[in-house]
Amino acid sequence: MTEPEVNQSLAADHGLKPDEYQRILDLLGRTPSFTELGIFSAMWNEHCSYKSSKKWLRTLPTKGPQVICGPGENAGVVDIGDGQAVVFKMESHNHPSYIEPHQGAATGVGGILRDVFTMGARPIAAMNALSFGEIEHPRTRRLVAGVVEGIGAYGNCFGVPTVGGEVRFHPAYNGNCLVNAFAAGLANADKIFYSAASGVGMPVVYLGAKTGRDGVGGATMASAEFGEDAEEKRPTVQVGDPFTEKRLLEACLELMASGAVISIQDMGAAGLTCSAVEMGDKGDLGIELDLDAVPCREQAMTAYEMMLSESQERMLMVLRPEKEAEARAIFEKWDLDFAIVGHTIPEDRFLVRHGGAVKADLPLKALSGSAPEYDRPWVESPPAPALAPVPDMDPAEALERLVGSPNLCSRAWVWQQYDHMVLADTVVRPGSDAAVVRVHGMAKALAFTSDVTPRYCKANPFEGGKQAVAEAFRNLSATGARPLAVTDNLNFGNPEKPAIMGQFVGCIKGIGAACEALDMPVVSGNVSLYNETNGEAILPTPSIGAVGLLASLDEIIPMAPGEGEALVLIGHSEGHLGQSALIWELWRRSDGDAPHVDLRAERKAGELVRALKAEGLITAAHDLSDGGLAVAAAEMALAAGTGVAVEAAEGFAPLAWFFGEDQGRYLLAAPEAAVERILADAIAAGVSARRVGRTGGDMVRLGASAVALARLREVHETGFARLMGEA
Amino acid sequence: MKSAVIVFPGSNCDRDMAVALGAAAGRPAQMVWHKDAALPPGLDVVALPGGFSFGDYLRCGAIAARSPIMRAVVDFAHRGGIVLGVCNGFQILIEAGLLPGALMRNQTLKFVCRDVMLSVETLDSPFTSAYGNQRLIRVPVAHHDGAYVADAALVARLEAEDRIAFRYADAAGRATLEANPNGAVGNIAGVLSENRRVLGMMPHPERLADPRLGGTDGAPLFRSLVEAVSVAA
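First to last, the sequence lines map onto chains L and W.
Per my numbering: the first sequence ends with 1507, consecutive numbering throughout.
Per my numbering: the second sequence ends with 246, consecutive numbering throughout.
These are calculated hints, taken from the structure and not from any lab test.
Everything numeric in this text was worked out from a predicted model, so none of it was measured.
Each hint should be verified, as a subset may be incorrect.
[As the list claims (entries may be wrong)] On the chain L side, residues computed to face chain W include the following (Cβ under 10 Å):
#: 1; residue: Ala925
#: 2; residue: Ala933
#: 3; residue: Phe1023
#: 4; residue: Thr1024
#: 5; residue: Asp1115
#: 6; residue: Tyr1198
#: 7; residue: Asp1199
#: 8; residue: Val1202
#: 9; residue: Trp1367
Heads up, the beta-carbon is just placed ideally off N, CA and C, and yes, glycines get one too.
Go ahead and model the full structure; you've got the sequences and the hints to work with.
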């Protein structure tokens, strides 16, 4: 087979800009071979090189006494005591999921699980943050059904409980849905595996499934905008095999326990290329690959195809040579491929042979080290228009419409398709503030949540970035967990547009400020840019996945109150309706500034809630977010199966009081006798608090207006099936 | 009680099952690899756990039923051994010919994971004797292919022989359409073999056998096993 001639136009087809191609010519002093061009395109695309985002990612706080390993490895590693660590990351699979929802989402889950167990951790929880276009869009239902089915198909078979996440609908995602998959695993803190190779002449071993032509060029595809031809990109989407992944997990953990592994890297985006370069680069070594040894499932694959294949469920490993027989036996036990495909070499060189010929001979370090890095021009996002007057409406009627709306109705339709209980340690199931998973065999537990409010990020990127982290902090605190750290999955439009770059910069600054103030360092993450179709960008969507620790299950704060209890509102209220769920869901309005987050108040409020639980003063807690006080009260009532009455407040317009989205707030339930002490504790902590109502009866009362709890349940619980045209 | 859990490459509820068996018996269950040809000696109970034994891309449990270990499990059952199959384990028992009927894709065509109510239809088995007066229990399901299918003659026979162990039920214990998560004929959730010593069921009793997980209605099933074994000994 003849290879195409390498020139600037072929480079452009590979997503390389003219100056980037020139950089390659200068670096090599010659024209690259076809395979080499493919390797450069894989390493230098946005997805793998972070060339537009690196400058700003470096500004995020990534350190803390709890952090064992921050960004730069397959996943972040955080100390949870007793010699144990939680390993987690969130990663996007947006473009593939839009093209082929089932496989796109499934392989997104597969990729993030691999990132976690590559580090020696057994996955114990998964989440996913999904953003779809408006339900009226002809494509949306098919995407929702396919993505949810794909996530379930992969996670359920693999055997990881999918315990949380988000689903949102907004027309800005009509042409570009977001699928952000999170996974967390458990490892011994002294048994973490990294990707840096060490030792010269060490065997490089290929593990797992065979290599096919699927996904060739996937990472490059994911680094471009979509046009009308999105459908034609379907062949670049990979096909997932969760059964193979499950065997790969067990085999890798067995292999790691045997002491055979020097370093290990999963083959994700840009497959063999990215994983081999990563191991060599981190270990200051060269890598020599012999592609004739690569297990292939298709005939006559070229070096180019093998180097760029994104076939799933594969790993690359540097092995202790004396352990080869033992390692091979483990993989044979699990019926997986095991092949020595190369060696580490002392010089800075990436040498790829195939069929007796040298197909690539490149300076290895330059592939990652010399990747372009851009300081993209950006402009500050203009302030959102001031909030126009909000029409008057009966609060109970507004509540009924909100809790049945696409963005606030129950997500049970989604999470009942995910096995959220496998491994039998799920203590708090989906549908609460944060899910809680017990650390197997221990008293302690981990809490997981995923948050962002893209409406806020669009209106005010800095405050929106802060709010995403603050809401994650709040969800963990409302569950009784001490927040540990976060992973960020930053989804934005085309960074070459200064306005989009401005959104990115603003959000990063906000995330950084909040992570600093709330002591939740960023330990891993992923950037997904070019989320645009025909020039229309998504809402800026920096998904924050957060993990918290509970020393014992007794620290869990339920969301469901008892009957006849008092409701206490924690935090300061101003009735902020700008960018609120109320004005968006009811009137499709997106005016006004995003609510501002007072990070000091946020931290104090979270610490107060946990202290009140420790004192045994509260029975339930729920964070206030979309839909404010009224929606929080209604959700607590629905969880408990008891009515609530929330009083009106003097000095507030009813809708502003009940639906305002001021930040840093919680609704607590407590026995009447405890209210006085709660208020006193709040004063002592410098946190606003007031008694706002009580539980009981079968109505949800907002001041003078009311709606039956049964009616709210009906619209809330059937809402999603209605959206999907099933009810 | 000496118990063993069979581990197929795609089993993922094997540990959950071992924990529940171990907690009830006071001694750990043994894990047995599917490629083994024999069971450990002296076993009282063999459990086939939930999961996706061989990926289950085609007919669930069909490949697992032909594993080397399954010949030993079938022999064990034929000798009167107690065999419990949950979810994928139920599918495997049917494929291995130890239980009649078939399990088809859920009527909704969707995977379903949630708590369901079950009526305990018989106390006359080593799996259900400890339920006593507790005839309505809450246990989770988590499956894509759980619709039990049998022709009218088989259903009539199972009913006549009191071999239906559990049915999906509403809060009042009635086997209604709304209470059925998968379209199973007659709301059948679990069936017994002719000698009553093999049980296959779609719901997961091992997932609600620990109060910290929000329920213990699965625990009497494991207690029943311990009692049955100690009575026999």
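**OP:** With a cut-off of 10 Å on the beta carbons, see whether Val1202(L) makes it to chain W.
**Re:** Since the shortest Cβ distance to chain W is 6 Å, the answer is holds.
Original post:
Would the stated hint for Trp1367(L) survive a check requiring a Cβ distance to chain W of less than 10 Å?
Top reply: With a minimum Cβ separation of about 34 Å from chain W (threshold 10 Å), the hint on Trp1367(L) is violated.
Original post:
Was the hint right that Phe1023(L) lines chain W, CB cutoff 10 Å?
Top reply: 3 Å, holds
Original post:
Holds or violated: Tyr1198(L) as interface residue toward chain W, Cβ cutoff 10 Å?
Top reply: 6 Å, holds
**OP:** With chain W as the partner, please determine if Asp1115(L) meets the hint condition of a C-beta pair closer than 10 Å.
**Re:** 7 Å, holds
Original post:
Hint check: is the beta carbon of Ala925(L) less than 10 Å from a beta carbon of chain W?
Top reply: 9 Å, holds
Subject >> chain W contact restraint on Thr1024(L) - CB to CB distance below 10 Å >> reply: 8 Å, holds
Subject >> Asp1199(L) as an interface hint toward chain W, with CB separation required under 10 Å >> reply: 5 Å, holds
Original post:
For the hint on Ala933(L), does the least C-beta distance to chain W fall short of 10 Å?
Top reply: 8 Å, holds
The structure does not agree with numbered hint 9 stated previously, though it agrees with all others.
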